[in-house]
Each structure stands twice: as structure tokens, then as C-alpha cells.
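**Student:** Knowing the structure of chain B, use the given hints to seat chain H on it.
Chains B and H are the protein sequences, given in the same order. Take the first sequence: its letter number 163 is residue 163 in the working numbering, and every next letter is one higher. Plus 1000 on top of the position in the second sequence (first one is 1) and you've got the working numbering.
Keep in mind that the hints were calculated from the coordinates and are not lab data. Where hints are given, some of them may not hold.
To be verified - When the alpha-carbon atoms are kept at most 25 Å apart in a straight line, the in silico SDA-like pairs for lysine to any residue are as follows: (1) B:Lys254 x H:Ser1132; (2) H:Lys1135 x B:Pro178; (3) H:Lys1135 x B:Arg204.
The lines below spell out each chain.
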Amino acid sequence: MAAPTHRGRSWYTIGLLVLTALTLLTLDFRGFGPLETAQNGVRSAFAPVRSAGNAVAEPFGNGLEGLFNYGDLEAENAELRLQIAALEGEAFQNQVDDDELERLKKAAGLVEIGDIPLELAEVVSGPLGNFSGQSVEINKGKLDGVRDGMPVVTGAGLVGRVLEAGRNRSTVQLVTDPDFTVGIRVTADGEVGLAHGDGAGSPRQITVDQGISDGVSVGDLVITSGGRTSRFPPGLAIGIVSDVIDQDRGLELKVALNANPTDIGFVSVVLYEAAE
Amino acid sequence: MSSIAVGLRMTLVTIVALMIQTTFFADLRVGGVAPELVLAVAVIAGFVAGPQRGAFAAFWMGLAYDVLLDTPTGLAALTFCLVAYGAGLAGEVAFRPTWWFASGSCAVASGIGVVMLFIVSTLIGQDLVTNSLVKLIVGVALFNALFAPAIMAVVRWSYGRPHELRAAT
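Next up, chain B with everything else stripped away, as it sits in the complex (with noise of 0.2 Å):
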């Protein structure tokens, strides 16, 4: 074991690193280029050293999710039945409601969302450790058309954006991150606002603090608003009003969103930029 001597020179060792790292905070949070230069060149290069430990770990992974997790699967398993009961009964009424949509989004003059290329992509790893933030990453990057902000979707909904297009990877800022933000439109009277992420705690909710000042109820569906400097084409799903807060400057609403951004394995990332 390590004697006790040279304290001093310890107190000054720590000092510097501690001094250090709060430079490289700082450093990150003022968006230091360089800096970000950097990490993305670390993380190309250990990226085939991970791939290739992923291919080792996969089938070790399965099942030890199977073994730790088979009471949850159990659970789900009867769960996602029920759903399927449910969904089986709402068809016929999808149909209706895709009908009148249609209609309703000639008449409004909506961007179709199926003009617009998709690119699907895997989520190759979620977050990698306790601490690790609101992203996940996927297997598609500029090589396939992806770009730095791009929305990515799920079926039922936006769960994101990218946040780090990589050549091959990308990074997605999951749309619950508290600096993840986005304009939305209150389907059912046209209310405008500005939403963020409520942090890893909220895993499926979002919260519209910004924008919004009457006629609006639980219930009322929630898509981005679009426009023609936005990050996001309008129109896309985010989820329904689970929460009215009346606040001094106006409604806060609580969205609870439509996909489930914890629970990701293939996503779509829209091929969608913003006008300059």
C-alpha cells in the first residue's frame, strides 16, 4: 500500500485535477468546439472496438435480461395482449378518424408526412450507464442522408432528434431531456407553444410551458407545430394533454407522449431541414 508521504504534493495533484475538470465543464457547457471535435473523434474511434463487444455480448445480454427481467416479460406479455384486444376493436374507427384527418389537413394546408423520406435506423445502444442522459444511439449516420437535428420518430410518435450525426452513428437527444425543445400545435383549437423534456424522471411526459393562454383540455392531441424555420415539419404526433396548470403567465400543460422513448428498438429518422 502507498506510504503516507509527499501530502502536500497530493493536495496539490488533486487540486489541479479538480480545477481541471471543472475547466472541461465549463468548457462543455459553453459548447467549446474543439472540445466537441475531440469527443466525436474518441468515440469514432472506440466505435468498432464497441461493435465488436456487442456482437460478443448480444446473445449474453438476452439472457441475462431474460433471467433477471422474465417476471416483467410475463407482465408485458399480458399486457401487449389486452392492447392487442383494444387496438383490434379501434380499427374501424382509425379508418373513420384517418378519413376526416385527411380532410382536415388538406383544408389546413399540413406538410404530408408521408412525402417526406424516412431512414430506419436500429438503436444500437441505449443509455450505457446510470448517468449517462436522454440519448441513445443509433446505427445510421451522414453516410445515409442523417443530419444534425433531424426529428426521429417511432409509429406512434417524435421521440427525438439527432443531436451528433456521426458518419455511420448518430446520437438522439430522446424528446424527454430537459433541453430538448419543440414548437406544438393543440389539434383541437389550434393553440400554439414551445415544449421541453421533463428529465429522466418523466420518461414518457413532456410539459408546454410557453405559448399557451385558453381553450384547452385534457384530452386534446398534441402534434409539432412546424414552420418555416422549425427543426420539425408540422404535423408530427406527440401525444395528448394529461394535465391542465393554470399558471400566472398563462396554461401549463402536461403531454403525455405517444411513443415510449424508453422503450425504443428501431426508430425513423425524418429526412427532414429546416430552411435556412
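**Tutor:** The following block gives chain H in isolation, referenced to the frame of chain B:
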């Protein structure tokens, strides 16, 4: 053993630890809590190498963790080096070369590391914790205690101090 050889061995250990953390351990979750292998290696580096060299190694491990695991750059570097420094000071006073000491002390230090990560991330306005804090502290402490004897052996090899952990003093 030369400091270059130690540096190379610790770099290798860190890369392997990061690879295991980002592959096997990313999915090895019980109650949503994953092991924090790199934190465990940093803590044990403090015990084995003492406060100064342990904190230095832990800083670089934390920095690599920040870059690869998408935590704010400097967050894990700051936390890991402080925890390793504390572990090094504690190790100078109370180290016992037994498996239970390795497990117990790694569990306690890992729990402290989780709390420090939570405090620092909260202070800088980042909501990074994806689980309840108590569950996270207990889960990470238990996981890291489980792996500690093996990590202790690997880290001692890195610093050129091979030994066998005894069952008791």
C-alpha cells in the same frame, strides 16, 4: 515497474472496463440499475496506488467515461478523482488485503461516488439519474462489491503489485 508500463497497463484496463461497461453491463440491469465498472476500477486504483496516483488514474478514467457515455465532459472525471483520492487516504489508514475488505470498501466508496455524481450533476443543472437515488446507491454498491476482488487483482497487476487476497486477516 516503470511508470510508462504502469500507464500502459492502466490504459488497457480502462479500455477493457469501458468496453465491458458499454456492452455487457449496459444490459445487465437489475431493477434498472447497471454496474458502474469504471467507478469501481477508479476506487480500487485509489486503494492500491494511494491518493495521488489513484486520483490521477481515476481522472483519466472519468474523462474517458464522460466522452464515451455521454455525460457532461468533466463530470465523471471530477467525481472519480475525488472518490479515488478519498479511497486512497482511507486505504493508507485502514487497508487490509482481504476479499471482504476489497468488496466492502469498494461498495462504500462506490455508493459515495454515486451520491457525488448526483450532487455535482444537480449543481450543474443536469437531470442525469435514471432511477431512484437510493436504489441506485444500493444497486451500484452491491454490483461493485461483487466485482471488487477481481478488479483488485487486475489493478494490483497494473501497478506491478501482484498478490492473492486472503480470506481473512
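**Student:** Provide an ascending list of the numbers of those earlier hints which the structure does not satisfy.
**Tutor:** Violated: none.
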